[in-house]
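Enquirer: Here's the letter readout for the chains.
2 protein chains.
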Amino acid sequence: MDKHPVIIVGSGPAGVGVAALLSQCAIPAVILERGRIGESFYRWPKETRFISPSFTGNFFGAVDLNAITPKSSPAFGLQREHPSGRQFTQYLRDVVNFHALEIKENVDVKDFRVTDDGSIALITSKGRFFCRALIWAGGEAQYPKKIPHTVRVGSTYKTFPEGHHVIIGGAESGMEAAYNLIRNGSTVSVIDPSAPWEKWYSDSSYGLSPYTFARVRFMEKSGKVEFIPECAEDISENTVRTESNFIQLQYPAIDSTGFDTKQSLAGKLFHFVDGHAELTEHDESTKHRNVYLVGPTVQHDKAIFCFIYKYRQRFAVVVDNILNRWGEYSPVIAEYADQGFLLDDLSCCDGECAC
Amino acid sequence: MDKHPVIIVGSGPAGVGVAALLSQCAIPAVILERGRIGESFYRWPKETRFISPSFTGNFFGAVDLNAITPKSSPAFGLQREHPSGRQFTQYLRDVVNFHALEIKENVDVKDFRVTDDGSIALITSKGRFFCRALIWAGGEAQYPKKIPHTVRVGSTYKTFPEGHHVIIGGAESGMEAAYNLIRNGSTVSVIDPSAPWEKWYSDSSYGLSPYTFARVRFMEKSGKVEFIPECAEDISENTVRTESNFIQLQYPAIDSTGFDTKQSLAGKLFHFVDGHAELTEHDESTKHRNVYLVGPTVQHDKAIFCFIYKYRQRFAVVVDNILNRWGEYSPVIAEYADQGFLLDDLSCCDGECAC
Numbered sequence: 001m002d003k004h005p006v007i008i009v010g011s012g013p014a015g016v017g018v019a020a021l022l023s024q025c026a027i028p029a030v031i032l033e034r035g036r037i038g039e040s041f042y043r044w045p046k047e048t049r050f051i052s053p054s055f056t057g058n059f060f061g062a063v064d065l066n067a068i069t070p071k072s073s074p075a076f077g078l079q080r081e082h083p084s085g086r087q088f089t090q091y092l093r094d095v096v097n098f099h100a101l102e103i104k105e106n107v108d109v110k111d112f113r114v115t116d117d118g119s120i121a122l123i124t125s126k127g128r129f130f131c132r133a134l135i136w137a138g139g140e141a142q143y144p145k146k147i148p149h150t151v152r153v154g155s156t157y158k159t160f161p162e163g164h165h166v167i168i169g170g171a172e173s174g175m176e177a178a179y180n181l182i183r184n185g186s187t188v189s190v191i192d193p194s195a196p197w198e199k200w201y202s203d204s205s206y207g208l209s210p211y212t213f214a215r216v217r218f219m220e221k222s223g224k225v226e227f228i229p230e231c232a233e234d235i236s237e238n239t240v241r242t243e244s245n246f247i248q249l250q251y252p253a254i255d256s257t258g259f260d261t262k263q264s265l266a267g268k269l270f271h272f273v274d275g276h277a278e279l280t281e282h283d284e285s286t287k288h289r290n291v292y293l294v295g296p297t298v299q300h301d302k303a304i305f306c307f308i309y310k311y312r313q314r315f316a317v318v319v320d321n322i323l324n325r326w327g328e329y330s331p332v333i334a335e336y337a338d339q340g341f342l343l344d345d346l347s348c349c350d351g352e353c354a355c
Numbered sequence: 001m002d003k004h005p006v007i008i009v010g011s012g013p014a015g016v017g018v019a020a021l022l023s024q025c026a027i028p029a030v031i032l033e034r035g036r037i038g039e040s041f042y043r044w045p046k047e048t049r050f051i052s053p054s055f056t057g058n059f060f061g062a063v064d065l066n067a068i069t070p071k072s073s074p075a076f077g078l079q080r081e082h083p084s085g086r087q088f089t090q091y092l093r094d095v096v097n098f099h100a101l102e103i104k105e106n107v108d109v110k111d112f113r114v115t116d117d118g119s120i121a122l123i124t125s126k127g128r129f130f131c132r133a134l135i136w137a138g139g140e141a142q143y144p145k146k147i148p149h150t151v152r153v154g155s156t157y158k159t160f161p162e163g164h165h166v167i168i169g170g171a172e173s174g175m176e177a178a179y180n181l182i183r184n185g186s187t188v189s190v191i192d193p194s195a196p197w198e199k200w201y202s203d204s205s206y207g208l209s210p211y212t213f214a215r216v217r218f219m220e221k222s223g224k225v226e227f228i229p230e231c232a233e234d235i236s237e238n239t240v241r242t243e244s245n246f247i248q249l250q251y252p253a254i255d256s257t258g259f260d261t262k263q264s265l266a267g268k269l270f271h272f273v274d275g276h277a278e279l280t281e282h283d284e285s286t287k288h289r290n291v292y293l294v295g296p297t298v299q300h301d302k303a304i305f306c307f308i309y310k311y312r313q314r315f316a317v318v319v320d321n322i323l324n325r326w327g328e329y330s331p332v333i334a335e336y337a338d339q340g341f342l343l344d345d346l347s348c349c350d351g352e353c354a355c
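So the sequences go chain by chain: A and B.
Oh and the first sequence: position 239 is 239 in the working numbering, straight run, nothing missing.
Oh and the second sequence: position 72 is 72 in the working numbering, straight run, nothing missing.
Next up, chain A with everything else stripped away, as it sits in the complex:
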């Protein structure tokens, strides 16, 4: 019987990050990964880059925005500011190796049960695994709302035929697609009723990042983009209709409207409210005790943790709760807090830029 104190499902930045913290707290954990380490990042189009810049500020407490532990830095290992997906998987492997994390690749978790003794049984493609605590770090990038989605682009945007493309959704991934298609010779219409290209927020969870905003300006200058601040009311194989536009499609519209995590096993692990998993203040499931969520899908009221530099701040919240429940203690939690890697007070979100 494959029994573990903690099982983490998924070896993206959230899974590897929380595993690295558990390891430092001397809590044995195993990661089950359906593919390879960082599989979703591995499959990013080769043009795609991180929108948050990596920088080696660790030395004086300005930890790399894309780091998943306070003492590591993608900028340091990869020697670049905006890693590609494949480069970032190299960083994840470095963290796995540095902390000697136990990880089982090619294990597909299909279902789960709570057993009589209260432990959690995971039914997988490689048999059953049991644990006292389950941490779901399945991400969301594998559950696009519609297909074809930008995460299904394949190995490169160059596989898209030249011509006119219509993109539904103007957030980061829609702009990413638009930019690369324009660079490859196409023209693009981007449809989004919230018009992200017009607004500028301090918090990149609500608006475009500086990196993407620079691309918006590039696209506008190119004259090859049309931004339509309307809702796509009807989408078929051949046409898209908005309030004041009727577009004959040369190619199927590209969907960049986001993800639906509920489709995954997460749908059974958590209550979903307004598309988001309902969680306790410790990011534990309200549906099953000892089941936790880490990663970009964590949300508390208005606090969205979709960027790495934010969702990493919840690893210590989860691990601290596990430690407390088991009557254990680790000074590493306080270290994480000192280094800005623990955000538990969500009442104060007064961080808007003054100028």
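Since the hints were derived computationally from the structure, they do not count as laboratory data.
Among these hints, one or two may not hold up.
Covered, in the sense of this in silico footprint (three residues per stretch, anywhere, with C-beta under 8 Å from a C-beta of chain B), are these stretches of chain A [stated by the list, open to error]:
1. 44-57
2. 78-87
Which residues of chain B face chain A? A partial, calculated answer using Cβ under 7 Å [unchecked claim]:
3. P53
4. G57
5. F59
6. G61
7. A62
8. G77
9. R80
10. E81
11. F98
12. P210
13. Y309
14. K310
15. G340
Heads up, the beta-carbon is just placed ideally off N, CA and C, and yes, glycines get one too.
Starting from the known structure of chain A, fit chain B onto it as the hints suggest.
Expert: Frame of chain A, contents of chain B only:
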């Protein structure tokens, strides 16, 4: 008589940053600036960009690396990651306006005296100014060791003739010059015995930033650069000699070997040891009481504060000392500390990246 509690000399990021903190602590201060706000940045070549990336992470405590107050962000105001010098002066003006800072431009501080009542008199191009505490924020970029220096490039690198250029010094400014000359069609030799292009440090104070490293790789691929890891033993108008090279110069060598702050009034305000101003633990001069230093020239043993995201961490050390000495108190100091804007324990510099 123009008398002030605190006078700050220089309105670069250090001067404006410490003034913004003083303002929040309700200590009246005036900035005397020889030129315009952020004059040195204003005169950067137009190609030059910040090597540390700006990003609006303020919302969750990951303050913009180039911000000079915890609540501001150049990325937010300027909508870009790597601001140019002129763009950064816009950010400085925004901070000045937001905090309603008092600043006198076109005032050249020429000398100083300590008066009988212990106050400090500054002799300037616009008459005398008196203060209880003087903060020197004169920077160093106006004091190159030799001429022509990269900071004397002028408005653009395009003013350099095409051909072969020799650069003495391979740190950030040398690489910046090399990169831009190559982009404009020249070939370049970079001479530096410490061979920064070969080494990779976590701390950008000791090595090249990720931004510059990417340029080094670009230059290497271009085949238009030669890196010479030797000392330039002899430099004349027409030749440069190293241990194994004798280079006939097509144009005068470009000096990128750094700065000599001692040349400025700072030379009278501070003891200089090994080229660095000697300071108390509160960054006060060891030569004159109530004279402080803020900015990239602050150094304590191995702790070098040359990057903005580091030297901003000393603003609160200075202001806290002034408050204590005057028997005053402000909760803003604790806020700065909470936000990673106060570094007073220099014993612990254990911030190297693990991976």
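Enquirer: Hold the hint about G57 of chain B up to the distance rule: shortest CB distance to chain A must be less than 7 Å.
Expert: Constraint on G57 of chain B satisfied, holds at 6 Å.
Enquirer: Is the shortest C-beta separation between Y309 of chain B and chain A less than 7 Å?
Expert: holds, 5 Å
Enquirer: A closest beta-carbon separation below 7 Å is what the hint needs, so does P53 of chain B meet it against chain A?
Expert: holds, 4 Å
Enquirer: Against chain A, is A62 of chain B within 7 Å by beta-carbon distance?
Expert: holds, 5 Å
Enquirer: Okay, the segment 78-87 of chain A and chain B, do three or more residues pass the C-beta test at under 8 Å?
Expert: holds (count 3)
Enquirer: Going by Cβ atoms only, is R80 of chain B closer than 7 Å to chain A?
Expert: holds, 6 Å
Enquirer: With 7 Å as the cut and Cβ atoms as the points, is P210 of chain B at the interface with chain A?
Expert: holds, 5 Å
Enquirer: Can K310 of chain B be said to touch chain A, with a Cβ gap under 7 Å?
Expert: At 5 Å from the nearest chain A Cβ, K310 of chain B passes the 7 Å test, so the hint holds.
Enquirer: Let's test the interface hint: is any C-beta of chain A closer than 7 Å to that of G77 of chain B?
Expert: Check passed: Cβ of G77 of chain B comes within 6 Å of chain A, closer than 7 Å.
Enquirer: The hint names G61 of chain B as touching chain A; please verify it with the least Cβ-Cβ distance against 7 Å.
Expert: It holds, given that the least Cβ distance between G61 of chain B and chain A is near 5 Å, below 7 Å.
Enquirer: For the segment 44-57 of chain A, does the count of residues with a C-beta closer than 8 Å to a C-beta of chain B reach 3?
Expert: holds (count 6)
Enquirer: Could you check if E81 of chain B really has its C-beta closer than 7 Å to a C-beta on chain A?
Expert: With a closest approach of 5 Å, the E81 of chain B hint holds.
Checked against the numbered hints above, the structure violates none of them.
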